[in-house]
Each structure stands twice: as structure tokens, then as C-alpha cells.
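All chains, please: the whole structure from these sequences, using the hints.
Protein chains in written order, with my numbering: chain A, 1 to 252; chain B, 1001 to 1252.
Since the hints were made in silico from the structure, they are not lab data. A quick note: this is a predicted structure, and the numbers were derived from the prediction, not measured. Treat the hints with care, as some may be off.
Here are the computed lysine-lysine pairs in the DSBU-like style, where the Cα-Cα straight-line distance is at most 35 angstroms [said to hold, decoys possible]:
no., chain 1, residue 1, chain 2, residue 2
1, B, Lys1011, B, Lys1154
2, B, Lys1034, B, Lys1154
3, B, Lys1195, B, Lys1154
4, A, Lys154, B, Lys1034
5, A, Lys229, A, Lys154
6, A, Lys229, B, Lys1154
7, A, Lys34, B, Lys1034
8, B, Lys1229, B, Lys1011
9, A, Lys154, A, Lys11
10, A, Lys229, A, Lys11
11, B, Lys1188, A, Lys11
12, B, Lys1188, B, Lys1154
13, B, Lys1229, A, Lys154
14, B, Lys1154, A, Lys154
15, B, Lys1188, B, Lys1229
16, A, Lys154, B, Lys1011
17, A, Lys34, A, Lys11
18, B, Lys1154, B, Lys1229
19, A, Lys195, A, Lys229
20, A, Lys34, B, Lys1154
21, A, Lys154, A, Lys188
22, A, Lys154, A, Lys34
23, A, Lys195, A, Lys154
24, B, Lys1034, B, Lys1011
25, B, Lys1154, A, Lys11
26, B, Lys1195, B, Lys1229
27, A, Lys188, A, Lys229
Chain A is nowhere near these chain B residues, computed Cβ spacing over 10 angstroms in every case [to be verified]:
no., residue
28, Ala1010
29, Tyr1021
30, Arg1048
31, Arg1052
The C-beta atom is built at its ideal place from N, Cα and C for all residues, glycine as well.
Protein chains: 2
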Amino acid sequence: MDSIDTWLAAKIRRDIIHGVYSEGERLSEAQLCKTHAVSRTPVRLALRLLEREGIVSRGEGRGYMIQSPSIADIMQAVQVRGHLESLAARLMAQAPDRATSLGAMAQAIETIDDLVNIGRLDAPAARQMQSANEVFHTTILGACGNDYVSFTCKQISHLPMLAAGSMVFDRAISDSPERWEEGVFRLKIGNAQHKVIYEAVEQGDPVRAEGMMREHSHTMIRYIETFEKRDGSLTVSDLVSYSALESDQPRA
Amino acid sequence: MDSIDTWLAAKIRRDIIHGVYSEGERLSEAQLCKTHAVSRTPVRLALRLLEREGIVSRGEGRGYMIQSPSIADIMQAVQVRGHLESLAARLMAQAPDRATSLGAMAQAIETIDDLVNIGRLDAPAARQMQSANEVFHTTILGACGNDYVSFTCKQISHLPMLAAGSMVFDRAISDSPERWEEGVFRLKIGNAQHKVIYEAVEQGDPVRAEGMMREHSHTMIRYIETFEKRDGSLTVSDLVSYSALESDQPRA
DNA sequence: GGCTTGACTTTGGGATCCCAAAAGAGGTCT
DNA sequence: AGACCTCTTTTGGGATCCCAAAGTCAAGCC
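If you want it as C-alpha cells, here you go:
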């Protein structure tokens, strides 16, 4: 299943996101063959995949053109994802067999609660939290009864911050105590939202479930905005490093 | 831009949707090479594309497996699309520069109104209506300010009834006068919803715009449901023929 | 007789070759 | 001197070849 082309696509995607290529730069198949030491077949498959992902465009003439996503692009995509998740929350609250999936959600909430209460936010804790958060969100997507919601989310999950359950971690969190306090508070707020969503789904309140999920994703967008304002020039590469916990690949 | 593989993918997609292959059937690259008289390269590209579209799955072992979409699948996808469009309507109602796109929407509404008032629903009229409807919906997607909404919609627009502005036309509409009357009434309702959406967007009322767009897409789902109930066994192929006006390909 | 193991066949992934079309460079004509 | 035409080179699409892995069948062993 995972052939060279998939791996190659991931590699090129990483390069694009990390800004190795400049916006609008033309890249040729032959060039990629040389630099990655593979044949043209996987290169073409990879490029077609990236084209469908929208981070490379295949113009009428020849050559592929880089379409590196900006922070604004990613925030737009996060908004779309959040909107789809709010649909999933509403549908799950209406699903007759939703009870079977409530356990996983409750456990995820509990895990996050425990981690937040411990108060340490080191890498392993962040990874665990990330994982629990992913469980919470994918459970809703999977239990909403509409498989296309989950499918559509997967279609756009290649961008940074768009994988299921991506969380923003502030790299400044370990610098100052106030930042640290702020980060923990934010995580508590997020999990409180999780609890409301859980309750609404359990009680079969679709309006409340959808509304709270909308707010939950809005919180993330707002948080990225505060990053942007604070750091001045937030790069896409920064967002990758924040959400890098989800991938096995170390930052380039 | 449109190479053999794209064309081939469209051909195989049509075959799958029209039920040429049975569910779960394995198809091999070599087989497709023979039947469509092309080399393996475009076949592989086409299969990878169809795999991403979700109508063909590439298992761990060898062979691709057909995943022909059911009526339920399509209705789920329509729900997703409708939800995304409701986001677009909300965002457009909040967009500062929305005024520039209001003209196209108004004209589309007027065109549909004229066609409905004439009262004839022959093929050219249906095609015109389809076209105007497409203008209305794509204008909202394009003017909402979030490019990813439109992008995400395109990602799932390969299924029948999912292209922008797809409309359901009742093939029984020409049979009996009451069905005919019913069909015209339904179109009037639909355009009345368009008018409300237009008004809400113009006045900058995001809640009303989103709500009415949600209702608008819900109307379509409900209509497909009535089809299903009436005909007993509605097939995906039927839906294609209902929405076939949008494509140049005649029904197989 | 059933199970295991080995050879054969099928099939998909990767590499290479060929070709047509398009971009670029250079020369020529006005 | 500038514009247009032509030739060359680059590049991407399609075809074919090769290989490795997986499935299959059969024969031999327990």
C-alpha cells in the first residue's frame, strides 16, 4: 500500500510546506528524479497526488507550479474542517446508536483531564494529549452515521493543523510561567468544550452539539490568530512544528 | 491538461456508477488495458485518481476493488455538500466585498424565474435552469472569501448529484399533469429559497443566509427520498440520468 | 488422506524508452 | 532595430520492459 510514490509525495509536501521551494516556482519531473534518486513513474504519481491536494498546480503548458499554502490558507482549511465536524456532532447527537461510541469519548476526555491536572506539558504528555484529542474527534466523525463527513475531512487532512485532532502547542509555553499558565488554561477550556459536546450528544441535543463543536473549532482559529499577532511573522513551518507530534517524521 | 488518464478515469467512473461492475469486484490493470485499448501508465494514473475519489479501493494485497456508491452514499455526500454551501452562504453574508457578486446571483434568480413562469420544462429549458442554478451556487462558493470551501466541494463533485448546482428532474414530470404541476411548484419553492438567500446575503444577515441555504439543500435530499419511496428501487444510474443535463455524455 | 512446501503464474510497482508539443534561442527579413 | 519564423532543446505523456511479491496449484511427505 505504501509505495515509493506515497513516500515521495510526503517528502515533496514537507519540502513545500517548509518553504524549500519559493511560491510559484516551477519544478520539473526530471529535476525531482535526480534530487530524490527515483524514476519518473513515482514522481509523476506523486505530483498527481499533490496536484489533487492543491499544493501543486499543473498548468496548461508544461511544468508544475508550487502553490505553497499560506497561514491564511490553513486557517481557511481549519474553518472548513471545523464546520464539517460541527455537522458530524449534530448528526451523532441524532444517531440512534450513538451510545456505543460514548465510552471512547468519555475516556478521551478523562485522559486529557488527567494530563492537564498533572500540569506537566512535556513532549510525551503533549503526545498523549494529542492522541486522546484525536480519539475524541475521530470518534465523532466515525459515529455520526455519514461516512462522507469523515471521508471529506481526510481529503484535506494533508495540510498542517488539519489532521484529525491536531492541537496547537505554544512553543513559548516553557519559556515563562505566565505563558505556561495560559496554555494550561486554554487546554482546560478546550476539554470543557469536549465535555459539553459529550453531554449534548449523550442527551440527543443536536443544536447544542453542533454549536459547541463550532465554537470548539473557532477557538483553535482564534488561537492561531493570537500566535500570528504575537510573533509578528508566523510561518506555515511553525505550525508544522507545533503539530509535529502527530507524525513520526522529525522536523526538517 | 486533459490527458488520456483523466478521460479514462471518467469512463471507468461512469461504468462503475452505471453498475457495469458488481460491488466488490476486483479489476486488474491488465484487464482495463485490454478493454480500453490503452497502456498501463494511464490506467494506473486513472485508478489512483479513482482511489482518491473513494469509488475504488486498493487493498493491501493485489488488485483494486470496486466500491460503487449507493443511493445512501450519494445522499450523505449531498448532505456534506449542502453543509459546506451553508458555510459559504454565511461567510459571504459577512464578506465586505460581497456586493460585487450580487449581480450574478440576481440574474440567475431572474433566469430561473422566467423559465419557471414560461412553464415548459423541456430539455433545453432544464439545461438553462441547470446552468443558472450552477451560476447561483458557484457564485456563493466563489465569493465567500474562503477558497477551501469551493476546493473541498470540488473534491467530492465527481459523484452524481454533486456537481455544483445539480438539480433533480423528475423523469415522470411529463407523464401526468399533476406531476408536472408538482415539479413546477418545487422549482418555484427552490427559487424562492434562492431569493431569501440573496436577500440575507445582501443585507449581511449570516444566520439567515446559512439557515436558508441549509434548508435549500435539505429540500433536495428530501426530494430524492420521495423519489426513492415512489419508485421503490431508485438506482444510482437513475440519479445520473436526472442530473445528466450537466454533462455532455449521453446516458449509457 | 491431509498438510506443507516448493515452483509457477499472475499482477502491480518502478525504470526506461519513445514521441509529440511547447518553450527558448538564434537567424533572417522587413 | 524589431518582429517573425525556424530550429533546437527541454519536458511531459504514453508504451513497454523488468522485477519482486503474492496468489495458486500440485506434488511430496507425514
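Now the hints, each set against the structure:
no.: 1; hint: B:Lys1011 x B:Lys1154; verdict: holds, 19 angstroms
no.: 2; hint: B:Lys1034 x B:Lys1154; verdict: holds, 31 angstroms
no.: 3; hint: B:Lys1195 x B:Lys1154; verdict: holds, 25 angstroms
no.: 4; hint: A:Lys154 x B:Lys1034; verdict: holds, 33 angstroms
no.: 5; hint: A:Lys229 x A:Lys154; verdict: holds, 29 angstroms
no.: 6; hint: A:Lys229 x B:Lys1154; verdict: holds, 32 angstroms
no.: 7; hint: A:Lys34 x B:Lys1034; verdict: holds, 33 angstroms
no.: 8; hint: B:Lys1229 x B:Lys1011; verdict: holds, 30 angstroms
no.: 9; hint: A:Lys154 x A:Lys11; verdict: holds, 19 angstroms
no.: 10; hint: A:Lys229 x A:Lys11; verdict: holds, 30 angstroms
no.: 11; hint: B:Lys1188 x A:Lys11; verdict: violated, 52 angstroms
no.: 12; hint: B:Lys1188 x B:Lys1154; verdict: holds, 27 angstroms
no.: 13; hint: B:Lys1229 x A:Lys154; verdict: holds, 32 angstroms
no.: 14; hint: B:Lys1154 x A:Lys154; verdict: holds, 14 angstroms
no.: 15; hint: B:Lys1188 x B:Lys1229; verdict: holds, 23 angstroms
no.: 16; hint: A:Lys154 x B:Lys1011; verdict: holds, 25 angstroms
no.: 17; hint: A:Lys34 x A:Lys11; verdict: holds, 14 angstroms
no.: 18; hint: B:Lys1154 x B:Lys1229; verdict: holds, 29 angstroms
no.: 19; hint: A:Lys195 x A:Lys229; verdict: holds, 30 angstroms
no.: 20; hint: A:Lys34 x B:Lys1154; verdict: holds, 33 angstroms
no.: 21; hint: A:Lys154 x A:Lys188; verdict: holds, 27 angstroms
no.: 22; hint: A:Lys154 x A:Lys34; verdict: holds, 31 angstroms
no.: 23; hint: A:Lys195 x A:Lys154; verdict: holds, 25 angstroms
no.: 24; hint: B:Lys1034 x B:Lys1011; verdict: holds, 14 angstroms
no.: 25; hint: B:Lys1154 x A:Lys11; verdict: holds, 25 angstroms
no.: 26; hint: B:Lys1195 x B:Lys1229; verdict: holds, 30 angstroms
no.: 27; hint: A:Lys188 x A:Lys229; verdict: holds, 23 angstroms
no.: 28; hint: Ala1010; verdict: holds, 15 angstroms
no.: 29; hint: Tyr1021; verdict: holds, 20 angstroms
no.: 30; hint: Arg1048; verdict: violated, 6 angstroms
no.: 31; hint: Arg1052; verdict: violated, 6 angstroms
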